[in-house]
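Listed below, chain by chain, are the residues.
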Amino acid sequence: MSLHDLIVTPFSYEFMRRGVLSAAVLSLSGGLLGCILVLRRLALMGDALSHSLLPGIALAWLLFGPSTTALFVGALVAGLLTALGSALLSRLTRVKEDAAFGSLFILFFGAGIALVSKLPTRLNLAHFLFGSVLGVSAADLRLAAIVSGVTVLIFLVCYRAILLETFDPVFHRAIGGSGGLVHFGFLALTVLNLVAALQTMGIVLALGLFLLPAVSAYLWCDHFFRMLLLSVAFAVVSSVAGILLSYHAGLASGAAIVLCLGVVFVVSALFSPHYGALQRFQQYLRERHAVHQSPN
Amino acid sequence: MAHNILRFRSLTVRYGPTTALANLTLDIPCGSSTAILGPNGAGKSTLLRAILGWQAVASGEIRLGDAHPQHARPRLAYLPQRQAIDWDFPITVRAVVEQGRYPALRMFHRLAAADHQRVDRALDELGLLDLAERQIRMLSGGQQQRVFLARALAQGADIFLLDEPFAGLDLFACEELTHILRAWETQGRTVLAAVHDLELARRTFTHAVLLDTTLVAAGPIAGVLSPANIDRAFRHGHCVHDHPPGAAQTSEAPR
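In order, the protein sequence lines correspond to chains A and B. Using numbering that gives the first Met the number 0, the letters of the first sequence correspond one by one to residues 0 to 295. Using numbering that gives the first Met the number 0, the letters of the second sequence correspond one by one to residues 0 to 254.
For reference, chain A alone in the conformation it holds in the complex:
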């Protein structure tokens, strides 16, 4: 197979062009959001949030059929209900926020699975859960572009507020910043991006596009801004590679993208010169050696 066959031919198909564009566009915003998720230790919460979208999507499908707008609104409502619901639960009852989130998301996910099993359509559960590049319509692509554009714009405009709220929320508040607004805006953006990534990635795997590039970049960078840039770069390269992999190997697109991101992550975790496992191991060996060599 020539290089041309490998890289150019797949994109002679319209659905492939849409798929790769949608994945690349969402990589821009996903890479940025992922950094905040990682640094604020919200990774697992993001995962829960993505699962909780299912009943909203299923209900929208049941009521309005395969309309992008309806799916989008349904998922958005489900996501926000989970986020707000768990915030309320943790404030009004004894339950802590992580347990509240965990309970609500599993409840929502269960309801979603129940609804999907009743859907009067041949479209199966796997499509919702793991995504399909074939499913990306022109409307989906437009949605992805808008959501990504809005996210990148907000990061540009509110860069300092986002940095302060992530690094030192107490200081942010002391100088008159609005922590609640940034936090809620961040949750809303995450839900928007998860929904937009639905067709390509599926709800179970969508968070991978956010989290994996960010956690890989975290292993390389000592500057917040550079981490954001590197995370976006990892996401874009891996999602293009993933779409190609899914075409040639006949894999679900979400899974293929996650696998490519996974390679970046594993390489980073092992070989990062400052924070990688191998470096730490070498340092440990050196120190042990030094102890054995010392006369005492």
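No lab work stands behind these hints, which were simulated from the structure alone. Certain hints may be false.
Each pair of labels, with its calculated beta carbon distance range [what the hints assert, rightly or not]:
hint	chain 1	residue 1	chain 2	residue 2	range
1	A	His288	B	Ala221	53 to 61 Å
2	A	His273	B	Gly40	55 to 63 Å
3	A	His273	B	Asp129	14 to 22 Å
4	A	Asp97	B	Pro219	44 to 52 Å
5	B	Thr17	A	Ala137	26 to 34 Å
6	B	Glu132	A	Gly101	35 to 43 Å
Ideal Cβ placement from N, Cα and C applies to all residues, glycine included.
Position chain B relative to chain A; hints supplied.
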């Protein structure tokens, strides 16, 4: 007598049914370094939070100079507790100190030459210039504390509110911080710090406020920390004794 920079008049703060501070009337002299002392739950942190406006005031008022503290925000710098910071955050010493300039910046404007100068001066004053490009984990505990002091300086504040600044510092770092705070006091900066350790407070601060929900005593620290006053503030037999036999250091262990 120096004039008073912070004035509290019959200040009462409540959390739901519990009263955290009751009827506090107090003056903090300009350019003094004041330790806020008292047992756990005496209202030390509440007092700092009330000054910053994070705590609704049930009655009474706080005046900063002639203004309400909300209108004098740039003059106030707040130092977070060490445990509140993620030391693995991808950020360098310089980038943290630059945050001190953020409140003065307009949206979309970058740091100007004057801002960079102030950042450099703050780094220099706290002996951090050589460490400026390091990630913050790569510093000792004392150096880490100095980074946040430098950020407060870069902010251009003249009133510094410190929440348990000695918590989690080793003996050497405590001495270093004591040294810095004494120097600030001679330079006319006002420092107000919630402190746990009476002995450290005695060595560091010129003034003290002793709280036990209500005001027990306030003024020059030697007078405030009389055995009778300490007994009154700590009579509930909480955790602290002024001179435990054989122990010079009772600073809090890191969480």
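Results for each hint:
{"no.": "1", "hint": "His288(A) with Ala221(B): 53 to 61 Å", "in the structure": "holds, 55 Å"}
{"no.": "2", "hint": "His273(A) with Gly40(B): 55 to 63 Å", "in the structure": "violated, 43 Å"}
{"no.": "3", "hint": "His273(A) with Asp129(B): 14 to 22 Å", "in the structure": "holds, 20 Å"}
{"no.": "4", "hint": "Asp97(A) with Pro219(B): 44 to 52 Å", "in the structure": "holds, 48 Å"}
{"no.": "5", "hint": "Thr17(B) with Ala137(A): 26 to 34 Å", "in the structure": "violated, 60 Å"}
{"no.": "6", "hint": "Glu132(B) with Gly101(A): 35 to 43 Å", "in the structure": "holds, 41 Å"}
Violation of the numbered hints given earlier is confined to hints 2 and 5; the remaining hints are satisfied by the structure.
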